[in-house]
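Number of protein chains: 2
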Amino acid sequence: MGGLTQKNVVENENNGSNMAETMLRLVPMALCVVALVIMLKDSQTNNFGSLSYSDLGTFRYLVHANGICAAYSLLSAIISALPRPTTLPRAWTFFLLDQVLTYIILAAGAASTEVVYLGYKGDTAVTWSETCGSFGGFCRKATASVSITFIVSLCYVGISLLSSYRLFSKYDAPVVGHYNNKGGVEISTY
Amino acid sequence: MGGLTQKNVVENENNGSNMAETMLRLVPMALCVVALVIMLKDSQTNNFGSLSYSDLGTFRYLVHANGICAAYSLLSAIISALPRPTTLPRAWTFFLLDQVLTYIILAAGAASTEVVYLGYKGDTAVTWSETCGSFGGFCRKATASVSITFIVSLCYVGISLLSSYRLFSKYDAPVVGHYNNKGGVEISTY
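Heads up: the sequence lines are chains A and B, in that order. Quick note on the working numbering: the first sequence kicks off at 176 and runs consecutively. Quick note on the working numbering: the second sequence kicks off at 176 and runs consecutively.
These are calculated hints, taken from the structure and not from any lab test. We put the beta carbon where it would ideally sit given N, CA and C, even for glycine. Check before you lean on any hint, since a few could be wrong.
Think about it this way: if two alpha-carbon atoms lie no more than 27 Å apart in a straight line, the pair counts; the simulated DSS-like pairs of lysine-lysine are [as the list claims (entries may be wrong)]:
1) A:316 to A:296
2) A:216 to A:316
3) B:296 to A:296
4) B:316 to A:296
5) B:316 to A:216
6) A:296 to B:216
7) A:296 to A:216
8) B:316 to B:296
9) B:216 to B:296
10) B:216 to B:316
11) A:316 to B:296
Distance windows between CB atoms, simulated [to be verified]:
12) A:259 to B:346: 32 to 40 Å
13) B:195 to A:205: 39 to 47 Å
14) B:311 to A:257: 54 to 62 Å
15) B:218 to A:205: 42 to 50 Å
Not close to chain A: a few residues of chain B, all C-beta gaps over 12 Å, as computed [stated by the list, open to error]:
16) 204
17) 208
18) 209
19) 212
20) 216
21) 231
22) 242
23) 253
24) 254
25) 281
26) 284
27) 297
28) 312
29) 316
30) 336
31) 341
Use the sequences and the hints to build the structure in full.
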């Protein structure tokens, strides 16, 4: 195989890897937008009164988290699609922001799940009523939005793994030399 | 420097790194136990009635999450203190379990924060009352337990970074060869 062919193979493999990462970042972007729109349109008015997502602080936080996540996903997808080498500062930036986004979106999902749970079950000890008995449509939409947010969290767990692999595989392995019982030095290699 | 001296330096550095990791794992263990005990003892009885942590599903989840986290932290601290080389299966196990624990404890903290927030602020739209007006002592203890859980989350974010560094630095860097505009091949090295 000639030198040029070898280089083309490397180039193609790298483009394929970039393409996969771009897709992995576009999927949560789409899901975030869907979760955002479902939650924004979530309001119900009936004989018991009126209830909107903006009445609950957690759902407002969920909307913001999904908005930030959608914007970041789009931006990072565009950057990862650019055919440029992965520099160390870029790997660090992606790694740190991916981690932060994962924690933000997971926290939003967990807190919102708690509110949806309280809405369905209520809590007699602290006199919180089962809101979903009166506002079933509201709760179903909220559940859908929260479920999609959890899928986004899973995507971001995957993205975090990928970006930590990209970052840390640039560094050398930590020293793992040891004396074993027989007094020799044992080096782990794989 | 002779070969034996060099080996001793390697050995000492490695022991220091293991010691640091063991300490990093013992700190969240202690914090988990504190958060667990505070929450377990959190109950209040007054003229308005009686309220215990076990009346709220989220706080029960928080107690379980803290218990699991304390047990895992202790076990992993013991294993990381053993003077054995970090093998690839061990690095993978630590990495995956550390990630799972980080997400579990962060989700417990986020959901519990939401309940504490609702306890203090209430929500008039869904007729949830401000429980903390009547059960101030209960809410203060719950807040303390949740705050400590967040510090545990921060510790676990650090532990996750460490274990992902340990794992992925064992792998080679992904291929980053590219044609630049001048037709040559550009390889990023740092």
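Do the hints match the structure? See the list:
| no. | hint | in the structure |
| --- | --- | --- |
| 1 | A:316 to A:296 | 17 Å, holds |
| 2 | A:216 to A:316 | 9 Å, holds |
| 3 | B:296 to A:296 | 20 Å, holds |
| 4 | B:316 to A:296 | 24 Å, holds |
| 5 | B:316 to A:216 | 37 Å, violated |
| 6 | A:296 to B:216 | 25 Å, holds |
| 7 | A:296 to A:216 | 23 Å, holds |
| 8 | B:316 to B:296 | 17 Å, holds |
| 9 | B:216 to B:296 | 23 Å, holds |
| 10 | B:216 to B:316 | 9 Å, holds |
| 11 | A:316 to B:296 | 24 Å, holds |
| 12 | A:259 to B:346: 32 to 40 Å | 22 Å, violated |
| 13 | B:195 to A:205: 39 to 47 Å | 42 Å, holds |
| 14 | B:311 to A:257: 54 to 62 Å | 55 Å, holds |
| 15 | B:218 to A:205: 42 to 50 Å | 46 Å, holds |
| 16 | 204 | 21 Å, holds |
| 17 | 208 | 22 Å, holds |
| 18 | 209 | 22 Å, holds |
| 19 | 212 | 21 Å, holds |
| 20 | 216 | 17 Å, holds |
| 21 | 231 | 6 Å, violated |
| 22 | 242 | 18 Å, holds |
| 23 | 253 | 18 Å, holds |
| 24 | 254 | 15 Å, holds |
| 25 | 281 | 6 Å, violated |
| 26 | 284 | 8 Å, violated |
| 27 | 297 | 9 Å, violated |
| 28 | 312 | 14 Å, holds |
| 29 | 316 | 15 Å, holds |
| 30 | 336 | 8 Å, violated |
| 31 | 341 | 6 Å, violated |
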